[in-house]
Each structure stands twice: as structure tokens, then as C-alpha cells.
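This is what each chain is made of:
Protein chains: 2
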Amino acid sequence: MKPELKIIVIGGVAAGPKVASRVIRMTPQADVTVIEQGHLLSYAGCGLPYYVSGVVKEQRELMSTPVGVVRDPVFFGKVKNVKVRNATVALRIDRAKKRVGVAPAGGTEPTEWLAYDKLVLCTGARPVKPPLPGVDKLGVYTLHEVEDAEGIKAALAETRAKDVVVVGGGLIGVEMTEALAEHGCRVTVVEKLDQILTMLDAHMARLVEKHMEAKGVRVMTGSGVEAILGRPGDDRRVGAVQTTAGTLPADMVILSIGVRPNTDLARDAGLAICERTRAIAVNRHMQTSDPDIYAAGDCVAVNHLMTGQPAFIPLGSTANKQGRVAANHICGIADEFPGVLGSAVCKVFDFCVACTGLTEREARAAGYDVAVTLTPAPDKAHFMPDARLLILKLIADRATRRLLGAQAVGPGAGDKRIDVAAMALTAGMTVDQLAHADLCYAPPFSPAVDNILTAADVMRNKLDGMLKGVSAAELHAELRSENPPALLDVRTPDEFKTMRLPGSLFIPLGALRARLNEVPRDRPVVAFCKISLRGYEAARILCGAGYSDVRVLDGGLVTWPYDLEK
Amino acid sequence: MKPELKIIVIGGVAAGPKVASRVIRMTPQADVTVIEQGHLLSYAGCGLPYYVSGVVKEQRELMSTPVGVVRDPVFFGKVKNVKVRNATVALRIDRAKKRVGVAPAGGTEPTEWLAYDKLVLCTGARPVKPPLPGVDKLGVYTLHEVEDAEGIKAALAETRAKDVVVVGGGLIGVEMTEALAEHGCRVTVVEKLDQILTMLDAHMARLVEKHMEAKGVRVMTGSGVEAILGRPGDDRRVGAVQTTAGTLPADMVILSIGVRPNTDLARDAGLAICERTRAIAVNRHMQTSDPDIYAAGDCVAVNHLMTGQPAFIPLGSTANKQGRVAANHICGIADEFPGVLGSAVCKVFDFCVACTGLTEREARAAGYDVAVTLTPAPDKAHFMPDARLLILKLIADRATRRLLGAQAVGPGAGDKRIDVAAMALTAGMTVDQLAHADLCYAPPFSPAVDNILTAADVMRNKLDGMLKGVSAAELHAELRSENPPALLDVRTPDEFKTMRLPGSLFIPLGALRARLNEVPRDRPVVAFCKISLRGYEAARILCGAGYSDVRVLDGGLVTWPYDLEK
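Which chain is which? The protein sequence lines are U and V, in order. Offset between the first sequence (1-based) and our numbering: plus 1414. Offset between the second sequence (1-based) and our numbering: plus 1414.
Keep in mind the hints are simulated off the structure, nothing from the lab. There may be inaccurate statements among the hints.
Same chains, same names: a pair is fine if it fits in one copy or spans any two.
[Stated by the list, open to error] Straight-line alpha carbon distances no greater than 25 Å define the calculated SDA-like cross-link-like pairs of lysine to any residue that follow:
1) K1420 - L1607
2) K1511 - F1910
3) K1567 - G1672
4) K1980 - G1482
5) K1911 - P1480
6) K1761 - G1672
7) K1606 - L1893
8) K1471 - A1801
9) K1551 - Y1976
10) K1492 - R1935
11) K1543 - P1916
12) K1882 - K1980
13) K1629 - A1900
14) K1497 - N1931
15) K1980 - L1803
16) K1980 - V1481
17) K1567 - A1801
18) K1511 - G1958
19) K1511 - T1814
20) K1492 - E1627
21) K1980 - L1505
22) K1543 - R1815
23) K1471 - W1974
24) K1629 - D1800
25) K1492 - A1900
None of the values given here were measured: they were computed from a predicted structure.
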């Protein structure tokens, strides 16, 4: 390695500072410069919704080290020996001469050319702004940079925003919905697809939608935005949102329909772009098609470990890992970024919502012979007063018994179980291997058989033919068919009184063996309880008594997304 | 399989009911009988400390299903079709005639013989009661059964117990310490070894001891109990505990020095006993040396996956898994119990204390070339107000780079990270593979680079020679030697003012590059900060400037167990 290796990093938010700092730590004699278009460096973009909500009190916390030192150009110079040029835009890459043309922010022609030995593109992504009529009116925001958050906070402070429409029910959309609801706004989420949070399967997303509705949020799925309308008397300012399902009053609109990778520089330089994702193509060392140019963070396509296909899943966690790999490779340290599982988590009011791997939808599309389970249970020993409901879904491949994906919804600690599932996916484990994992147990932290292990056992019962499930959607459709199955509710009388599926035969589990004659033998039977643990017991009793067509309602009544009789 | 397979299960607490219920679910025509010595069935022994503390309000919650149905003999009969004979003792196994001799509880000769096709021993374990003078005095308790908890609660209610001595600082000892402290008792823990909680390495245990001391508990390690003394005027009742470090006043004594497997029945029947653990030897199907006799739960030796050796680690989580495997094998369903990692967790006041795999001590004893890391960090994005400190220790094998073990201490969510580490151990992952795992990230749940991934990265830096660590114990000894190293504190002036290591050279990290001339070149240097992240940056700066003997204090000042200057 040359003693004065010149490294230029374009982008100073997440991956960029990581690359720069790591290169200097590994190769102190390197000459590292970070070019950043904005004024602010190394800030936690993922924290912006919590800054808007007020959970994070001050802007500077988002760009400080844990001991409160702001990561500004002086910090990078003194502590890291990294030169930072902020408010500077990189306009062109001259690969032949290995130099980057830069100008002060706002410039369109290079005023200076900087030579590099290695160049790292950490140009990030930008929010998609749809070409809607009225999209540029005052009061329409995206949330991507600190300045966006300041704008939204200022508007909230002036109490101009009582009615807010959030366009797009993805991660940022739901996080912003919570932040705005915390400010007392009436929030409507408008989502073009039939569900919010497409990282989940539809019925899991429906549980989140119901939770948001219980918190006073209106969720309009399957609805498109047609135009953003002005305010009577002030057409420059947003006053309403016209959707395919009617017009909504709106003092503020948050556009959160996704982000797109910033690839202009890379494209102009002739670097390979991934067709599928339209993000910069990189190898496992984070090198682009030019081995002297690396890319990392929200601007690159990642290898999805479950599909083997490139994917665009921009996340701060991934950006950090990629930055380290790029820096290591530049410094001659062996390292490879293997790819991602699509793991994600978000807080939605009192719910933790998390997932990893493939959804059922994705797994079916990929051609797997799919088995799924839905397992609601307390997230701690059920006798602990702070135990909270956690609903887990597993997706597995019948052929290999391998886990393919997992989803968690509910107030319980889903992040922990999804991280465990992510490790199982990383190792390519079967559900049998997962079921035997030796996880920590004590009553304040988990049930004796942890939720994820119970879910794996339920899956094994399904794969072994000991448990036939029926989803709520399937059952709902069957109940409207000409030959509906018999519904067998085996809960306690108190539970039955509170709410029930119309037309259910009610026999508490403890009485079932004695009252088998009441259960019809000439029709399919679907057994259930609150979470379908007793439903499963009931189904085994019926099977033992010679019933041949017995299924269990997956997830029980607690995950039933349709109306119940009260 | 014969239609009327007769199964007898001895033991009705954890593994036993699991075996019985699962057998009936898989093989409804089986004839299953559970023999239980006590009156109570299927109770959560692990919940007893929380019943003593009052977190769990009613005894019945510990033996109820999540919907509040008490698991009594009637429940087992009606719901499970399992015959339960409680208050019945199994006295003899006649392997030749395949029958068990039983009697009403208290009996010493069989009054009845029950035939079996398959017998399952779930005889559990019992607390060790040392042969101390005075051990049978009133007020001396163990905590193993519901009756023990009731006795302790009654004594507390009569406010007879202000001074309590807990003998033994294992899991139950520390859980009971917290429960008793919650009642306002003055608790002293007396532990014969040099540390409590031997599932941890000594310096991690010391952090827990300090936390307990901060909560008003006295922790006396390295102290043995010599006798339990009577009360003046009432010698039948405990009044004091005589230890090798003096005599302690005591209104109550809790003996928690461990449990021993109940193997009398198995021994008498000539079944193989594991020499190392003195527990019942079983194969991966949970069969004893007699293939028609199974054993599961606290009475058996388990395969330790990290050592390949049998171990005795009784836990409710393991008992459940083993019960399922035994039942499956009886029913002809393929299943094997692979073994355990030694994963454990407990709540100690505000701390979560967890571990999996080998300790550093165990790994060294097993002959590994060990590397360790100590990584304190907030358990969420540091700008979230509810982020809490989590101290992680990793143990890895230098030769293979494989993870060998992990420990967590602190108020942060250690259980999650240790479960992830347990999955890495299950899969035999290197720390490099662990570092690239795609775990969930959002600010309310983790830092952008999760604590366990940061710990893995720190370990990679150590294995790659980029970071040389020194433990607090090593440094403490070096500072008392003839050639102590120079101490370089790179924190902020405010931090330095609050507390510091005596004799430190203080140069804030941001000033270090400019003030390098102040750092001696003729002595070894140890750099540090609060958590040793800046200490590591400082070490890299010094190495870059040609310093050859630079180390970083593992874990920084926040894990320094000795006195600091204030």
C-alpha cells in the first residue's frame, strides 16, 4: 500500500463517515476526504421520527457521539484526521484521470478537481416525490433530512396542523403517524396497496392497522392519492387531499412512499447499475464495476440471502456494515459483506412490529411448498404481570423443513424473537434445529418454552401432519360458501360470553371428551380458542375419536381480523 | 404400536406432564398414568421467587394455564385423558416384570404394582442441604417447592425476618435476595467461592455484586458457613449464622447452594448413572440404559454442546424440550435432543444477567487459545431516552475465530443479545459471520450496529491484531508492579472531573493528535475512556504515530471494578 493513499468519500451521513473513520484507524497514513453536500454530518436519519415526536429533545443529539460531542468537520479533523468538505457537491467522476470534480453546494460545474486512488460513493437515497398535482404546495413534506424534521416541527409548533394525511404506509409512514398522533394530530394514512407495511403478510399488517385504528388513526388501504388541493383563500398551502376514496381535509401532508437510490454520479461515470433495483451494483467487497470505486449504504443494491437476488433495502444498520467492509478491503483486510435477510423492526404505538426473511407471499412466489404458523402467546411466563401478547408467524419450506421467514406483531418483545429467527436463517436451520435451540429462560424474560421455540414446535406439528391449520381468510371465505365447516369453540364460558364467532358450537375443552356426540361427523370441523393452543388439543381429541377432517384456526380468535359477535 | 400402550410417568411437575400430554396428543389410544409424590402438579418452580416477592400474587397462578384453569388431576383427566395419581410415591422399578411399585405418599413398601410398556422418570432434583450444625433449626429454608415459598411468605408476613442470610450466590440465591430485599429485609449473601453466579466470569460477576451492594445487599464472597446458631432464649429457632468471616445476625436463612438429581429409583433399578454429574445417563432420545425406560428433566445428565461432555444443568426450559423428545420417541416420531449450551438468564434488581456457552475460565481450561472482549454500550440508539447500559463479554477461539461464549450484565436488554449469541453457538459461527448477521434495527430497539455485532467487531479487531486489550485485573496488578504502564485517559474534562484512575495522563481524544509529545514513548501505554471506544481510537492514533506498546483497557472505566479517584 502506498504511504499516501488518497481516499475520497462522497457522502457524510452514515456509510461515508464509517468508511473514512475505519480507513484512518486501519491505515493512519492515508489521506481521507469526505465530500458532503449538506451542512450536517453523520446524523441518525432513523431518529428523525423520534425528534419530530419529541422523544429526542434536541437536534444535536442526533449528530453527537454518546458522550455528547457533535460530529462536525472539526471533530472529524481533530479526532479522526479525516478532512471534511461539507456544503460541497461532487459533480463528476473522471475515471480515466481518477479525479472528482466538486463545487460549492448549488454549483453545477466543477470548480475544483480532487485526485483519488480509491473513491467511495455513499450518496444515499432520496424520497420519492410523486408527480401529483399540488405536490409542491406549502405543508407537503417528506422526511429524509434534519431540515425536513425541523420544518414539520415548526409547523406543529404553530398548531397549524390538526389534520394530517400520511401518504404511504411503509416504515417511515407508520413511524411518522405515531409521532404526529403524539402531537394530537388527526392522522389518516393513505396507502395504495391493500395493506400497510409490505414487509409483513397482509393479515399481520391488518393487526397493525387495527392497533393504529384503536389509537385514533384512520387507515385507508387500497386508496390512491390523486391530487393535493389548496386551502380556500390560500391555494399555495395544502388544504385537502383528493384520493380515490374521497377528499380528506389536510393541514399537512407527509409523503412517505419510499426512497430511490442516488445514482446520478455513478451512472454518469458509466458504473454498472443493477437493473432490478436501479441501485449501484457492487460485489461482496463493495467494489463497483470499477475496482477503484467502491459504493456503500443506501445507494447500492444488496444481495438478498434468501433469494440470491439483488434487492434495494436501505437501512442504517446495513450502511454501517458495508462501510466497514469497503474500508477493510481498501486497507487490504480480508472481509466480505454477505448480504441481507430483509430484517426490519419498527415501533407502532404500543406494538413492536418486526420481520426477517421471506414473507409467505414472497416464499410462494419463489416457488416453495410453503407451510405457515401463527402463534400468539405471552412474551414472558404468563404469570408475570408484565407479560405482553406477542403474535409470531413462521414461514417454512415443507420440502427441506428449513425456516424461510418470521414476523412478529404485538406489544410483546418481538424484536428479540425475530433476531433469533434471523440467526436461524443465517445458519440455514430447519425448524427442528430451531426448536431445540438453548435460549435463555427465566420468568421475567420468556416463557419456559420461548415463543419462537413454541412457534417452531407448532410448525413441526404441521410438517408432521399432526396439525392442520386454516387461515382466518380461508375460513372467512369457507363460512360464506355453500358447505361451511362446523365451528368448534373450546374456550371457557366467560371467554365465550365476551365475544364469539357467529354460529359456533361451544364446548369447553374440559367437557369435549364427554360431549363428543354433539360434534358433527358429517362436516369438516374447525376447532379454535383464543390462541388455538386449546384448539389444537381439541383437534387432537377429535382425531383420536376418528374424526377425519379437523382443522385448527391458525392464531385463534386473538388474530381474527374480521368482526366478532359481542 | 400396540393399541393399549401403557405409559407410566413418574413425576408431575415439569417434564412429566409434558411427556404425558404429548404422548396422548400423538397417540390418543395410549394409557398414560402420572405418579406424583406431592399434591400439586405442573407448577412453575422458576416462578417461586416471584411469588415470594409478591410480583406473582396468588399461588394458583403458578399452576394454572394462561386462561386461569388450574392443572389439577381433574384437569389432566378431562382435558388430557391422563390419569394422575398424586400424593403417591413410586418406590421400586421391577424391570424384569416391567412394573412399578407404588404406595400412598409416606409409604415405604409398595402397596400396588403398576405395569408399564414404557416408563418415564421425571423425578427432578432436590436442594442440597449441607450437614451443618443447626441446619434443621426453624427459620432455615430451601426454595424448591410451593410449600417452601409458603413457609417463607408466612414468616415474612409475621415480620419475624428482618435479617436474612442467603447461603449460596447462584441463580436461586440472587433471585431470592431480590425477593427478600423487596420485603425490606437486610440480606447478606454468603458465598464460599470468590464470586457469585459462576455462570459468569469473575469480573462480570463482580459487576453484579456491586449492583447488589448498591441496593443495600451485603455480598460476602470467599466465606464459608460454619454453623447455624440458635436464638437467645429459643435455640430451636435460627438467630445467627457463623461464617469464616464472622457471625451474622439472622432471623431467616435461605439455603441455595444447589440441587442434586433424584436418582434413587434409577440407581436401585440398576440404570446407568453418569459418573461426572451423578445424574441419570440418557441417549439423544432420552432413553436410559434400559430402552423401555426414559428419563427427562432435572434428574438427567445433558450433553453440553460446547464441551461434548455430560453436564448437570437443571432448567425448566430444558425439561420441556426433553419431555417432548421422550414422548415423540415413545410414539415413533423421529426426534433427538441435541444438548444444551448452558444458556441462562436472571433478573437481579435492575440488571439483566445472562450467559451462553463457555466462560473464559471454562474455555481456557478446555485448552482453547482464548480471546475475550468487554463491550459496554447503550442497548438502543444512544439518543433514545430509555437506552440503558449493556455490558457484553465475548469469548472466542483464536485458532478458528469461532465464538465460544457470551455474557451480558447491566440494565440493558442482555437476554436478546445472549439469545442471538446462543444461535451463533448452535450454528458454530465465527465472530466474522456473527458480525455480518442482519439483525433488526430501529432506534427504540437497538443501536444501528447492534451491541452483539459491535462486540463481534471488537473481537475481530482483536483477532486481527488491530486492538490489544488489557483486563482490569491485569492492569490493576501491573500498576502495583515496578514498571507500571502509562495511563492515558482520553475522555472529556467533565468526565475526568467526576472520577478518574489515579496517576492518569489526561488528554481528551480531540486534542491527542496535537499533544502526542506529552505521551511517553519509553513506557507501555494503556489508553481508555468510559467504555474504551475512544480508548481504541486513541490507541490507533498512537500506533499510527509509531508507538509500539499500546493497549486499551477492556471495557473502559464503566467496568473497572476497583476504586476510582473522585
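Hints broken by the structure, by number, lowest first?
-> Violated: hints 1, 2, 7, 9, 11, 12, 13, 18, 19, 20, 21, 22, 23.
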